[in-house]
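Top to bottom, those sequences are chains V, E, P and D.
When the letters of the first sequence are read in order and numbered with this note's numbering, they come out as residues 1 to 302.
When the letters of the second sequence are read in order and numbered with this note's numbering, they come out as residues 1 to 302.
When the letters of the third sequence are read in order and numbered with this note's numbering, they come out as residues 1 to 302.
When the letters of the fourth sequence are read in order and numbered with this note's numbering, they come out as residues 1 to 302.
It should be emphasised that the hints constitute simulated quantities derived from the structure, not laboratory data.
Wrong hints could be hidden among the right ones.
The list treats identical chains as interchangeable, and a pair is accepted whether it falls inside one copy or across any two copies.
No more than 20 Å apart at the CA atoms, straight line, and that leaves these computed lysine to aspartate or glutamate pairs for EDC-like [stated by the list, open to error]: (1) 290 <-> 76; (2) 67 <-> 10; (3) 301 <-> 270; (4) 35 <-> 241; (5) 35 <-> 237; (6) 290 <-> 241; (7) 274 <-> 297; (8) 301 <-> 279; (9) 274 <-> 295; (10) 67 <-> 17; (11) 244 <-> 76.
4 protein chains.
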Amino acid sequence: MPLTPDQQAEIDAARGESQQTLRATVPGMEAHLYKAHEVLDHGFVRVIDYMGDDSAITQAARVSYGKGTKAVQNDEGLIRYLMRHWHSTPFEMCEIKLHVKLPVFVARQWIRHRTANVNEYSARYSILDREFYIPQAEHLAAQSTVNNQGRGAVLQGEEAARVLDMLRGDSMRAYDHYEAMLSQDGQDGLARELARMNLPANVYTQWYWKVDLHNLFHFLRLRADSHAQYEIRVYADAICEVVKDWVPAAYAAFEDYRMGGAQFSARGMDALRKMLAGETVTQESSGMSKGEWREFEASLKG
Amino acid sequence: MPLTPDQQAEIDAARGESQQTLRATVPGMEAHLYKAHEVLDHGFVRVIDYMGDDSAITQAARVSYGKGTKAVQNDEGLIRYLMRHWHSTPFEMCEIKLHVKLPVFVARQWIRHRTANVNEYSARYSILDREFYIPQAEHLAAQSTVNNQGRGAVLQGEEAARVLDMLRGDSMRAYDHYEAMLSQDGQDGLARELARMNLPANVYTQWYWKVDLHNLFHFLRLRADSHAQYEIRVYADAICEVVKDWVPAAYAAFEDYRMGGAQFSARGMDALRKMLAGETVTQESSGMSKGEWREFEASLKG
Amino acid sequence: MPLTPDQQAEIDAARGESQQTLRATVPGMEAHLYKAHEVLDHGFVRVIDYMGDDSAITQAARVSYGKGTKAVQNDEGLIRYLMRHWHSTPFEMCEIKLHVKLPVFVARQWIRHRTANVNEYSARYSILDREFYIPQAEHLAAQSTVNNQGRGAVLQGEEAARVLDMLRGDSMRAYDHYEAMLSQDGQDGLARELARMNLPANVYTQWYWKVDLHNLFHFLRLRADSHAQYEIRVYADAICEVVKDWVPAAYAAFEDYRMGGAQFSARGMDALRKMLAGETVTQESSGMSKGEWREFEASLKG
Amino acid sequence: MPLTPDQQAEIDAARGESQQTLRATVPGMEAHLYKAHEVLDHGFVRVIDYMGDDSAITQAARVSYGKGTKAVQNDEGLIRYLMRHWHSTPFEMCEIKLHVKLPVFVARQWIRHRTANVNEYSARYSILDREFYIPQAEHLAAQSTVNNQGRGAVLQGEEAARVLDMLRGDSMRAYDHYEAMLSQDGQDGLARELARMNLPANVYTQWYWKVDLHNLFHFLRLRADSHAQYEIRVYADAICEVVKDWVPAAYAAFEDYRMGGAQFSARGMDALRKMLAGETVTQESSGMSKGEWREFEASLKG
């Protein structure tokens, strides 16, 4: 359960206070505001604030005085053009702020995206809750035998049970000892900034994360991708659902040009042109390495 | 006159459409939205959008679920603490988007602040207007005789008149030739991306500029400072008036700790401690250079 | 002539002083160091310093203790893999510092690349030289009739002559007046920070520019592209020649995957798969806009 | 022991290969190159590469053709001026690349400094070593009773022993289970990207970290400060020793203006001026909060 009743009450209170504004406003995003979208066993994504909408992108691209053209079709065409030609600055004119609760090992991947603003819950200052990510049985995957950083088949039977026992047992023991070290009951109590080092990477943390739409798309392209680790991909997927409601035209262009598209090297284009001309091309004749050829063929199959 | 009737009509239309929102809203900023605050002879600053308020700063610092504490005093104290200790990330949680019209030589200084989002009016794509910055008589300053990058006394009489004549005359001739080169009347017409190079640095450009509050404060500290060039300082001053209405507590802390404060080197602190103990300190005995000593004395006078 | 004899002497002196170092060193880059590669009529690009080589990329990707594998082939394969999968951080481990002299309107495009370090010659502090970019006849292009931000045919005869006359005449007059305003001969002399605003955008400036290899590749992809304005493309081309000597394996991968490659949208991939299966696809049946279809066909032709 | 014999051999090999270069070279830094400076129980800091020296700072500030002035005193004066007036861009012209081995909880603080390049050892791809930070007895501090994010007295006797037992025991058990989950001996073996989540935050990781001198000074100001957590401060201290040998003039200015200096708010300056005029000022009459007054008094004592 990601939220306590007190936390839910604070969220409900915030959702009760509507204000008048002259700013660009998106009804679909107002419906998301403050609510917790649950992710994994204790995590969530909450929209705290947003700036701009689809029109804000074209308004900035045109440096216009008002809202830009009335014709929605023109705006969509321009947005597609900007996305196709990597004109990224107009997308930077939209901004979103999220409150995210997530395991530390996910946070460590996430923070690598540097062009964003972050305020994380401080374990030097405060005490972390007893909340750990324990995978569901169907996500307990074996090491991939073909990909050094991927997953293979799902673990079965005894091995799965033993793994879950270890994860659960070690998490609970680590937290018991964390509490025991912090306790000032008849002792001084270890500094919080030291005690926290006993907690494993599946403990939950939380942060406020603010990012512009261009950099968010970059994050989503990498993290909503099938090669991303499952535990961060579910966060990216949850954010995709939000962005779809926030800037539908920009999101559709993103899906078409980034998520659903493909890119080819000069060697790949050579091969492609020969194939379209009816020639047979093999890995050897293409000049590509085996790995590259495998990816090339996968792209063409879709 | 910075705005045409058409532009004013677009602005009025945008100000007429109020929406309901659950987001943090600041009445003082709503009053600024879209309006043009005039700067220099043809320039302006307009607020296009904003995200967050004073509470958003403390909410992020506490990573809280709702709006944070009800006690305004606690929020102010926390904001002052964050500012004093250079905890900059909570201030990054507020964002502002401005539409600015400004001379190119001012734009060239402004753009040096890299942590911001910019969309500038494109002179490759569009034709610039016949608008040039011509200083008012009281800002026509001589080169400073003590500061290599500063101004001295105001120019007088014939010299002032001659300078203004040159600036006005060259601007108009440059624009006449710009138009003549672009003209397709009985000729091909030079490419816009080439013709623009004839325009001097006092021609006006415009852009959308979006920045978070931490980086905006950094900009204001340097550009609203008495050492900044007058022509960018007036923009910074206009923005200060806006920020004061947006995040009053954060702005008050900024004024106290950044704009009104002073900093001393280790040598300066040595001197200060001796002076407080009743000793006489001179430039020679302080170990400071002449320039540093002059600044030290100026700080103490205020 | 981009360099005075004094400047050339300073460069020669710097090239005369060889030192011993344990750092990664690239003989091909040592040959470039400090020399001015001429660009346009008065501009240049000079390599001032560099950090890293091809091995530094793979060393960082492997977080290794020494230089990484001895097998050059393994390093090349890894570099190609990193480039293909947008693993950008290992490329950030190489850094280059350039001294560039360039017209102001080129500098204004260039500075939009924010992830770099810049120190520009200050026209508040110093006096600019009488050096202006005047295009050669074959680069005096008309506005494109199909592309709002492109060039068409080269101007001919009288029109070309008149354009050159205006550019030359206005540049010289602007500089004469710049000098006249600055002059302290019998008058106060206008502040340099004001006088400079009379100078047109084809005046030369110069700066030190430092950037990592990943961000440099991003710059080169956009600016060495055929859609970039000619006057910035020649700088990008000159830098490409340098990078080729500095990190040959990384540059080859960049050429293959970025410069010579192509990318397709989801709609484009649909069309491609149908074409490979022998179906006929038209703009209408593809779902692409006319502009997108034109670019799609151009990619396939190569 | 932070290095294995193999690793030491790789380092020795790299130190054996000296090359000729025309680049700026600093003998003091050459002596540091590749060597491991030990930090904590298993950590280290190694200089992998560097770009620039003190002269590179002034050369960029002057945008000069050669090495700048011959007079070392002039360079020092200019460096002090740049530091005093927050002219940060010339310091960005120097760059350093480090290889650092550090506990994960230290890495999590460190990575918050976003303007840097990082390649971390991947626990998705590789298996981490059995190395955990276990504090020495004298660093086993109690929670501070006055500062929510600080340390108080050192733990004694039984409490200290119990804390060390827990840290050591949990680390070893977590690693035993990590190995057991990964093992493919008679089972599939859990994916590395999942198994790693069992490891606590005191496990060691390592990365290549590259940063410019301006941003490094910012890091050092915050992390070599007495308020920083001890475990990151020792890394900052080790880096300070390196920087001192690399850019002695810049480091001296940094020490004087940043580390040894103090800053005062407008209220602080008011109080200071009154005190210099012989008036008595108290916390109440100063308008400062208790916390601010305490820091003000501490600054004056030094």
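Here is what the structure says about each hint:
For the identical chains of this complex, residue 290 and residue 76 are inter-copy neighbours only, at 14 Å across copies versus 40 Å inside a copy, given an alpha-carbon limit of 20 Å. Proximity of residue 67 and residue 10 under a CA criterion of 20 Å is satisfied inter-copy only: 8 Å between copies versus 35 Å inside one chain copy. Proximity of residue 301 to residue 270 under the C-alpha cut-off of 20 Å is found in both arrangements, the shortest distances being 18 Å within a copy and 10 Å between copies. Proximity of residue 35 to residue 241 under the C-alpha cut-off of 20 Å is restricted to the intra-copy arrangement: shortest distance 13 Å within a copy versus 35 Å between copies.
Only within a single protomer do residue 35 and residue 237 lie at most 20 Å apart by alpha-carbon distance; the minimum there is 16 Å, versus 39 Å between protomers. Proximity of residue 290 to residue 241 under the C-alpha cut-off of 20 Å is found in neither arrangement, the shortest distances being 36 Å within a copy and 30 Å between copies. In this homomeric assembly, residue 274 and residue 297 come within 20 Å of each other (Cα to Cα) both inside a single copy, at 14 Å, and across copies, at 15 Å. In the homo-oligomer, the alpha carbons of residue 301 and residue 279 lie at most 20 Å apart both inside one protomer (18 Å) and across protomers (15 Å), since each shortest distance falls under that limit.
Taking the closest pair of Cα atoms, residue 274 and residue 295 come within 20 Å of each other both inside a single copy (18 Å) and across two copies (19 Å). Within a single copy, residue 67 and residue 17 get their C-alpha atoms only as close as 27 Å, which misses the 20 Å cut-off; across copies the closest is 11 Å, which meets it. For a Cα distance limit of 20 Å, the shortest separation of residue 244 from residue 76 inside one copy, 14 Å, qualifies, whereas the shortest one across copies, 37 Å, does not.
Hint 6 alone, counting from the list given before, is not met by this structure.
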